[in-house]
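Engineer: Read off the chains here:
There are 2 protein chains.
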Amino acid sequence: METFFSFLEKRVDDCSSLLCVGLDPHVSDLNEPSPASVLDFCLDLIKQTAPYAAAFKPNAAFFEVFGAEGWTVLKQVIEAIDEESKRQGSLIPVVLDAKRGDIASTAEAYAKSAFESLGAHCITLSPYLGKDSIEPFIQDPEKGVFLLCKTSNPGSGDLQDIKLEDGDLLYEHVAKLAQTWNAKNNIGLVVGATHIEAMNRVRASAPDLWFLTPGVGAQGGELEAALKAGLRKDGKGMLIPISRGISRAENPKVVAAEIRDQILNIKRSLKQ
Amino acid sequence: METFFSFLEKRVDDCSSLLCVGLDPHVSDLNEPSPASVLDFCLDLIKQTAPYAAAFKPNAAFFEVFGAEGWTVLKQVIEAIDEESKRQGSLIPVVLDAKRGDIASTAEAYAKSAFESLGAHCITLSPYLGKDSIEPFIQDPEKGVFLLCKTSNPGSGDLQDIKLEDGDLLYEHVAKLAQTWNAKNNIGLVVGATHIEAMNRVRASAPDLWFLTPGVGAQGGELEAALKAGLRKDGKGMLIPISRGISRAENPKVVAAEIRDQILNIKRSLKQ
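Going line by line, the protein sequences match chains S and A. Going by numbering that gives the first Met the number 0, the first sequence opens with residue 0, and the numbers climb by one from there. Going by numbering that gives the first Met the number 0, the second sequence opens with residue 0, and the numbers climb by one from there.
Be aware that one or more of the hints could be misleading.
Claimed, not checked - BS3-like cross-link-like pairs, simulated, lysine-lysine; straight-line CA separation at most 27 Å:
1) S:130 / A:85
2) S:111 / A:74
3) S:74 / S:162
4) A:130 / S:162
5) A:111 / A:130
6) S:175 / S:162
7) S:175 / A:162
8) S:46 / S:235
9) A:175 / S:175
10) A:252 / A:235
11) S:85 / S:46
12) A:74 / A:85
13) S:85 / S:252
14) A:162 / A:85
15) S:111 / S:162
16) A:235 / A:266
17) S:111 / S:85
18) A:235 / A:85
19) A:162 / S:162
20) A:266 / A:232
21) S:130 / S:85
22) A:130 / S:130
23) A:252 / A:227
24) S:130 / S:162
25) A:227 / A:266
26) S:74 / A:74
27) S:130 / S:46
28) A:175 / S:162
29) S:74 / A:111
30) S:252 / S:9
31) S:130 / A:175
32) A:130 / S:175
33) A:111 / S:111
34) A:111 / A:74
Hint data in this document are derived by calculation from the structure and do not stem from the laboratory.
Here chain S stands alone, though its shape is the one from the complex:
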């Protein structure tokens, strides 16, 4: 059965890359604080980095802040990625970083918004409301979700590191729940590169799931340590999102190519 992750794995093979290019048009990175500038920022980044991108990850917040015009731009950005996929001859999946999470009837509307209105292939979700808040997003195996498990930010420990009565930490419990919910093989986990020990534990607990691993670069996470902790035995299973590290570079195309190559080199050295 084709699933979101089988599409992703095909793309990973096609471009030999685990790089996920983050489209985070922070106002401070724009030529001017306007929706047009958001669009320019994203289209340029897409064009420059597409050959090295296993996926693109637009972050909804930076579009939403521009209201209706921002949502128009977000849709245009996803359409542009589809066009670029055609030029590359290989579908580049779009992970909408939105971290939604609501009760079932509302979650249905969010799922429709992400997958139908916007045309994303995957979305990030919070697990806090439990299984019924996730279900509307995982009905179609060709659409995927990354559930927040252990996030990259300093405050992630406030809830996620709490020790449970049974000895697990909360994020380990989430990793286990995700596997029981994963009947259609379209659930992955967000596991930050800033917490290597946590990544070791989650990989031990969930040997087969894909991870989305933010925090490399701007947030201080180290690429080699993250790959060592998080790669699956098949050398896949991790998407490495990089946003500012590429968008703020003098030459985003060159930096994206370098990161792709760094990942390949590290994978090779880990194999030995």
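Chain S is already provided as a structure; the job is to place chain A on it using the hints.
Structural biologist: Frame of chain S, contents of chain A only:
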């Protein structure tokens, strides 16, 4: 110091009501699935129920599903509530039900979207990412947040009811954390009316916080039991959001007035 909750308490006094009218334009409740129909649905509900509304709670998902046009409508709806406030001679706060939660730089954009672009007074947030994901929303005491604590849906137990090593349940831990984060008195909690025992525990743990208590009516929660468990000693501290119970009624105005009166009657009987 004026805070979001001092504005809310003034409105509660002005209208003698704890009713929060939910603006949930489910596609199935619309005359036709269009942004224009969403706007009509909301404007009619606002006009009919404003005299009895301590607050309005538009749910972002049902606007977002219409993309850019949906966001235009959401902004128009919040503007219409502001206009209605002027007619009522009393500010009716707008709680944007969005359940966002992201790392700090992204949370800043979401906060700007909710409070500046849209003009909401308060937002619902997930606690899963910890304190730094909440901070951008609580900088201005006149803007408030309701943190998800114990939600009304069946799956809420998957994470929220987990027992921690120290004996607390996870939602109790969230209630305690919220109080340590509440330096500016602008944090409340979402505690569903479908879990009365949980509400008793959260009220015992957080005697002073405001609760947003979904689940009365359509989701099966009972109003009297909820008020008994959740009201503060001053007879405030609970907002009772009702959406479909009002919007699907033959006469929403009459039903909103009845719910306001029911709440008053129950409060009176509880006092005795």
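Engineer: Take the hints in turn and mark each one as holding or not.
Structural biologist: For each hint, the structure was consulted:
1. S:130 / A:85: 42 Å, violated
2. S:111 / A:74: 21 Å, holds
3. S:74 / S:162: Roughly 41 Å separates the two Cα atoms, so the pair is violated.
4. A:130 / S:162: Since the Cα atoms of residue 130 of chain A and residue 162 of chain S sit roughly 18 Å apart, the hinted pair holds (cutoff 27 Å).
5. A:111 / A:130: 18 Å, holds
6. S:175 / S:162: Holds, because 15 Å separates the two Cα atoms, which is no more than 27 Å.
7. S:175 / A:162: Holds, at about 16 Å.
8. S:46 / S:235: 25 Å, holds
9. A:175 / S:175: Holds, at about 26 Å.
10. A:252 / A:235: Holds - the C-alpha atoms of residue 235 of chain A and residue 252 of chain A are around 23 Å apart, at most 27 Å.
11. S:85 / S:46: 12 Å, holds
12. A:74 / A:85: Measuring from Cα to Cα gives roughly 17 Å; hence the hint holds.
13. S:85 / S:252: 19 Å, holds
14. A:162 / A:85: Not satisfied, since the Cα-Cα distance of roughly 47 Å exceeds 27 Å.
15. S:111 / S:162: Judged against 27 Å, a Cα distance of about 36 Å means the pair is violated.
16. A:235 / A:266: 9 Å, holds
17. S:111 / S:85: 24 Å, holds
18. A:235 / A:85: 24 Å, holds
19. A:162 / S:162: Judged against 27 Å, a Cα distance of about 9 Å means the pair holds.
20. A:266 / A:232: Distance ~11 Å between residue 266 of chain A and residue 232 of chain A Cα, so the pair holds.
21. S:130 / S:85: 35 Å, violated
22. A:130 / S:130: 24 Å, holds
23. A:252 / A:227: 26 Å, holds
24. S:130 / S:162: 21 Å, holds
25. A:227 / A:266: Holds - the C-alpha atoms of residue 266 of chain A and residue 227 of chain A are around 8 Å apart, at most 27 Å.
26. S:74 / A:74: Given pair residue 74 of chain S, residue 74 of chain A holds - Cα atoms ~19 Å apart, limit 27 Å.
27. S:130 / S:46: 37 Å, violated
28. A:175 / S:162: 16 Å, holds
29. S:74 / A:111: Satisfied, since the Cα-Cα distance of roughly 21 Å is no more than 27 Å.
30. S:252 / S:9: 22 Å, holds
31. S:130 / A:175: 25 Å, holds
32. A:130 / S:175: Measuring from Cα to Cα gives roughly 25 Å; hence the hint holds.
33. A:111 / S:111: 25 Å, holds
34. A:111 / A:74: Holds. Residue 111 of chain A to residue 74 of chain A sits at ~14 Å (cutoff 27 Å).
Violated hints, listed in ascending order, are 1, 3, 14, 15, 21, 27; each of the other numbered hints is respected by the structure.
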